[in-house]
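In case you want the letters, here they are:
Protein chains: 4
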Amino acid sequence: MRMIDLNCDFGESFGVYQLGQEGILPYVTSVNIACGFHAGDPLVMRRTVQLAIHHGVAIGAHPGFPDLLGFGRRVMAVSPEEVYAYVVYQIGALAAFVKAEGGTMTHVKPHGALYNMAAKDAALAEAIAKAVRDVDPSLILYGLAGSEIIRAGRAYGLRTASEVFADRTYQDDGSLTPRSDPRAIIADEDEAVKQVLMMVRDRRVRSLQGTDIAIEADTVCLHGDNEQAVRFAQRLYEALRNEGIAIQAVRREERR
Amino acid sequence: MRMIDLNCDFGESFGVYQLGQEGILPYVTSVNIACGFHAGDPLVMRRTVQLAIHHGVAIGAHPGFPDLLGFGRRVMAVSPEEVYAYVVYQIGALAAFVKAEGGTMTHVKPHGALYNMAAKDAALAEAIAKAVRDVDPSLILYGLAGSEIIRAGRAYGLRTASEVFADRTYQDDGSLTPRSDPRAIIADEDEAVKQVLMMVRDRRVRSLQGTDIAIEADTVCLHGDNEQAVRFAQRLYEALRNEGIAIQAVRREERR
Amino acid sequence: MRMIDLNCDFGESFGVYQLGQEGILPYVTSVNIACGFHAGDPLVMRRTVQLAIHHGVAIGAHPGFPDLLGFGRRVMAVSPEEVYAYVVYQIGALAAFVKAEGGTMTHVKPHGALYNMAAKDAALAEAIAKAVRDVDPSLILYGLAGSEIIRAGRAYGLRTASEVFADRTYQDDGSLTPRSDPRAIIADEDEAVKQVLMMVRDRRVRSLQGTDIAIEADTVCLHGDNEQAVRFAQRLYEALRNEGIAIQAVRREERR
Amino acid sequence: MRMIDLNCDFGESFGVYQLGQEGILPYVTSVNIACGFHAGDPLVMRRTVQLAIHHGVAIGAHPGFPDLLGFGRRVMAVSPEEVYAYVVYQIGALAAFVKAEGGTMTHVKPHGALYNMAAKDAALAEAIAKAVRDVDPSLILYGLAGSEIIRAGRAYGLRTASEVFADRTYQDDGSLTPRSDPRAIIADEDEAVKQVLMMVRDRRVRSLQGTDIAIEADTVCLHGDNEQAVRFAQRLYEALRNEGIAIQAVRREERR
Numbered sequence: 004m005r006m007i008d009l010n011c012d013f014g015e016s017f018g019v020y021q022l023g024q025e026g027i028l029p030y031v032t033s034v035n036i037a038c039g040f041h042a043g044d045p046l047v048m049r050r051t052v053q054l055a056i057h058h059g060v061a062i063g064a065h066p067g068f069p070d071l072l073g074f075g076r077r078v079m080a081v082s083p084e085e086v087y088a089y090v091v092y093q094i095g096a097l098a099a100f101v102k103a104e105g106g107t108m109t110h111v112k113p114h115g116a117l118y119n120m121a122a123k124d125a126a127l128a129e130a131i132a133k134a135v136r137d138v139d140p141s142l143i144l145y146g147l148a149g150s151e152i153i154r155a156g157r158a159y160g161l162r163t164a165s166e167v168f169a170d171r172t173y174q175d176d177g178s179l180t181p182r183s184d185p186r187a188i189i190a191d192e193d194e195a196v197k198q199v200l201m202m203v204r205d206r207r208v209r210s211l212q213g214t215d216i217a218i219e220a221d222t223v224c225l226h227g228d229n230e231q232a233v234r235f236a237q238r239l240y241e242a243l244r245n246e247g248i249a250i251q252a253v254r255r256e257e258r259r
Numbered sequence: 004m005r006m007i008d009l010n011c012d013f014g015e016s017f018g019v020y021q022l023g024q025e026g027i028l029p030y031v032t033s034v035n036i037a038c039g040f041h042a043g044d045p046l047v048m049r050r051t052v053q054l055a056i057h058h059g060v061a062i063g064a065h066p067g068f069p070d071l072l073g074f075g076r077r078v079m080a081v082s083p084e085e086v087y088a089y090v091v092y093q094i095g096a097l098a099a100f101v102k103a104e105g106g107t108m109t110h111v112k113p114h115g116a117l118y119n120m121a122a123k124d125a126a127l128a129e130a131i132a133k134a135v136r137d138v139d140p141s142l143i144l145y146g147l148a149g150s151e152i153i154r155a156g157r158a159y160g161l162r163t164a165s166e167v168f169a170d171r172t173y174q175d176d177g178s179l180t181p182r183s184d185p186r187a188i189i190a191d192e193d194e195a196v197k198q199v200l201m202m203v204r205d206r207r208v209r210s211l212q213g214t215d216i217a218i219e220a221d222t223v224c225l226h227g228d229n230e231q232a233v234r235f236a237q238r239l240y241e242a243l244r245n246e247g248i249a250i251q252a253v254r255r256e257e258r259r
Numbered sequence: 004m005r006m007i008d009l010n011c012d013f014g015e016s017f018g019v020y021q022l023g024q025e026g027i028l029p030y031v032t033s034v035n036i037a038c039g040f041h042a043g044d045p046l047v048m049r050r051t052v053q054l055a056i057h058h059g060v061a062i063g064a065h066p067g068f069p070d071l072l073g074f075g076r077r078v079m080a081v082s083p084e085e086v087y088a089y090v091v092y093q094i095g096a097l098a099a100f101v102k103a104e105g106g107t108m109t110h111v112k113p114h115g116a117l118y119n120m121a122a123k124d125a126a127l128a129e130a131i132a133k134a135v136r137d138v139d140p141s142l143i144l145y146g147l148a149g150s151e152i153i154r155a156g157r158a159y160g161l162r163t164a165s166e167v168f169a170d171r172t173y174q175d176d177g178s179l180t181p182r183s184d185p186r187a188i189i190a191d192e193d194e195a196v197k198q199v200l201m202m203v204r205d206r207r208v209r210s211l212q213g214t215d216i217a218i219e220a221d222t223v224c225l226h227g228d229n230e231q232a233v234r235f236a237q238r239l240y241e242a243l244r245n246e247g248i249a250i251q252a253v254r255r256e257e258r259r
Numbered sequence: 004m005r006m007i008d009l010n011c012d013f014g015e016s017f018g019v020y021q022l023g024q025e026g027i028l029p030y031v032t033s034v035n036i037a038c039g040f041h042a043g044d045p046l047v048m049r050r051t052v053q054l055a056i057h058h059g060v061a062i063g064a065h066p067g068f069p070d071l072l073g074f075g076r077r078v079m080a081v082s083p084e085e086v087y088a089y090v091v092y093q094i095g096a097l098a099a100f101v102k103a104e105g106g107t108m109t110h111v112k113p114h115g116a117l118y119n120m121a122a123k124d125a126a127l128a129e130a131i132a133k134a135v136r137d138v139d140p141s142l143i144l145y146g147l148a149g150s151e152i153i154r155a156g157r158a159y160g161l162r163t164a165s166e167v168f169a170d171r172t173y174q175d176d177g178s179l180t181p182r183s184d185p186r187a188i189i190a191d192e193d194e195a196v197k198q199v200l201m202m203v204r205d206r207r208v209r210s211l212q213g214t215d216i217a218i219e220a221d222t223v224c225l226h227g228d229n230e231q232a233v234r235f236a237q238r239l240y241e242a243l244r245n246e247g248i249a250i251q252a253v254r255r256e257e258r259r
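So the sequences go chain by chain: A, B, C and D.
Counting from 1, position 105 in the first sequence corresponds to residue 108 in the working numbering; the numbering is continuous, with no gaps.
Counting from 1, position 15 in the second sequence corresponds to residue 18 in the working numbering; the numbering is continuous, with no gaps.
Counting from 1, position 55 in the third sequence corresponds to residue 58 in the working numbering; the numbering is continuous, with no gaps.
Counting from 1, position 62 in the fourth sequence corresponds to residue 65 in the working numbering; the numbering is continuous, with no gaps.
A few of these clues could be false.
Pairs involving identical chains hold if they fit within one copy or between any two copies, as the list cannot separate such chains.
[What the hints assert, rightly or not] Below 35 Å or equal to it, Euclidean Cα-Cα: the simulated DSBU-like pairs (lysine-lysine) are: (1) Lys123 with Lys197; (2) Lys102 with Lys123; (3) Lys133 with Lys102.
Since the hints were made in silico from the structure, they are not lab data.
Take these sequences, add in the hints, and give me the full structure.
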């Protein structure tokens, strides 16, 4: 039986500033919790961990760049040593809340510019993988399917989860169409659902160029920052269920 | 045989900014490492943990207020909930570096205004003790001898270490003379050494008012931010050794 | 003819985080713009200044504590020298945007804990007044009616604007009922409107104890952070207009 | 008669962290003062402005990226709109201290990664030039000789100051040898002094390839962060004076 994890970023509020919709939680099986660098703060992290445990979703750290002003979305020229230290720090901070609340941390998914940069830069990807392994080798590393993050995770002996996107188009080489291209985003929700079903059932995706290419799909990235996103998540969740696909968090011990 | 721990704050550099003298390390048995709130950053924390392991000193977290500009020394009106979350976060962040480097974290000592406020405020002291216990109940809580921190630590089942000061005078009730009083600081190094010896050997201190009062002394706070402080540490270290006092880190299992 | 200014805090977004309702702008005559310490960032400040100019409302700086996490609402033990420097810095930063956009800055209103502390602490109030005077002596200093801020502003030769609150009750001595008292807030909008009309027309307010006491009312503090607040602002605006009261920004040259 | 300005970055302390040597001040004619983003804080800025006025050196703003952890040296993917707003903000903040102290701000020199990026990126250079012009068109824009910053400054009607380096080698096209090249730095102080004298007297520099190329030299960048740098500054100062070269700050009205 096919199975898939649905993940979304969570816990991205900061101080008085609210971001994110709790309504997404019934439709995802894992959340990536901001750790205070690009978003989140200690109070928010605690509440978010409590909420994740209450909803029974898998908990992951979502480390990002130390750039609250840019929400961790801006490319920064960081060294692998800096990335290593940033990731160790953030995993540890979240792990303490998870432990204090009696939960379990299952995974790590880099955020924003760190995710995108490490997807292509082997040295940064290795810094992330090494940080995860050094803190807890049983953690699963989430990264873009087919990217350097996945390669580095495997090289460091980590279980990995290949992430795919419902609302992004793919190139013939399996990479995402750059956002600068107007065709990068799939606005049509029917198309987005269809793409996910194909990726999960057939392990293939039709590229923008019209070729069906192989893709690994362990987890689908969803958004929880507005109500439309929540409705789409519900719709995708139901479509997957109706196809008989098991929607469940990636298990630590399951593969590889 | 009498024994005493000598501790100092460490790892208080930030980015390009350097603070602290490595030369203090031979004369202390435990270090309190800044965790990125009032000082320290991920790269500094990693290097500091490596250094502490190399020198064989006990490693503690040194959580402070999120006030880099004020070095965590400014009183802030924080709630117990905030303090709890700040302490959990910072212990976790440091713990990850300690684990990655193969070391062991032994203790937690609050920093600056947090230390001073919690020494007198039972609710804040309990928030700290609860945070330590929730993350790792085997950690030793360092706090001002006779303060609310020590009381809260015991109430939460933690091992505690009562901290005394070489260069501060005491009041009849065992509290430190406020810094606003010109007699608060012991400038004469002979006097400072003598005070420590009396505290360690006799478990008593002569108050500013001339009374000998009982004091618990598990650890002495030293400074490592300038060369004179390092020289004083060396002198105190040798004076204690010459008295046959065992200078060693507080042991987790030793008492209580 | 009686006249009154209606002011609200504005420009309190930060990075991706949105706060505040533009819909408040038709119902206020002056805005206090966050300057990047407790809220606001350079892009937000620029857009906010453009918006204020577009709506023809008077522009003021809204300096706060360097505590984004606490939104500048937490008491911090700052020295008058620190407060002076924080206020100079923030006025200057906003002034540059106002100048770049071809507008005029008219006033300064301290934010949050800085406002509350300086209302009672003469040394902090003087630090603020001195900062305003040193940067631009034609700026109007907004502060709690009857407070140390108003006294300090006058002592430093500044024009001042005494601020009153629609939704807060007053004590016999003219101070605000502390928020710890359940009667501190006026939840009934009829009562709130009535209180403002009495303050503006009669320069009196009925204290919680039932006494009519004298109060200066140059400006009323409104909130713009949710839709209910905007509706109340509209209602108050209309009530004042129906009473024939001129609703206009405080003029620099008008008095004193 | 030939004339030259000697400038150095200044006011780069932060909170308890000290950086920079006051001893540099007798040997420079202008300072670039950090504005709180990559370094500096309000108290430091005030003291630095006072010091600059006391020593009679020209005062400039030294805006950088909002990256205290990286000291503004890390490339960040910022938009021209962000750069514009960052520069307006920082100039304004410093201008307020200069005004409060009764001084005059004369120039703006971008810092670190912002300087380097804008030297090559016309859109960022224009954002900086526009920000300077919008806040105060009489300010002089300092930038790398021959760079986009100088071009943009002229295009926006600003007086510019072409900056050269004593301790960096140049390429045939007038650009600096990248730091990745081991020959980028001139370690020999005799060579460094000789290069400056040639640049100032002959308006030429010998490239790493051995060609004498034309270069504009209005100001020389010196360092003030350690004692060796101060000694080199003194030596260069004396060498220039002995050659009869006038060492003086760039004058606003002098050229163009």
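For each hint, the structure was consulted:
Taking the shortest alpha-carbon separations for Lys123 and Lys197, only the intra-copy value of 27 Å comes in at or below 35 Å, while the best inter-copy value is 45 Å. In this homomeric assembly, Lys102 and Lys123 come within 35 Å of each other (Cα to Cα) both inside a single copy, at 33 Å, and across copies, at 28 Å. When the C-alpha separation of Lys133 and Lys102 is checked against a cutoff of 35 Å, the pair qualifies both within a copy, at 22 Å, and between copies, at 13 Å.
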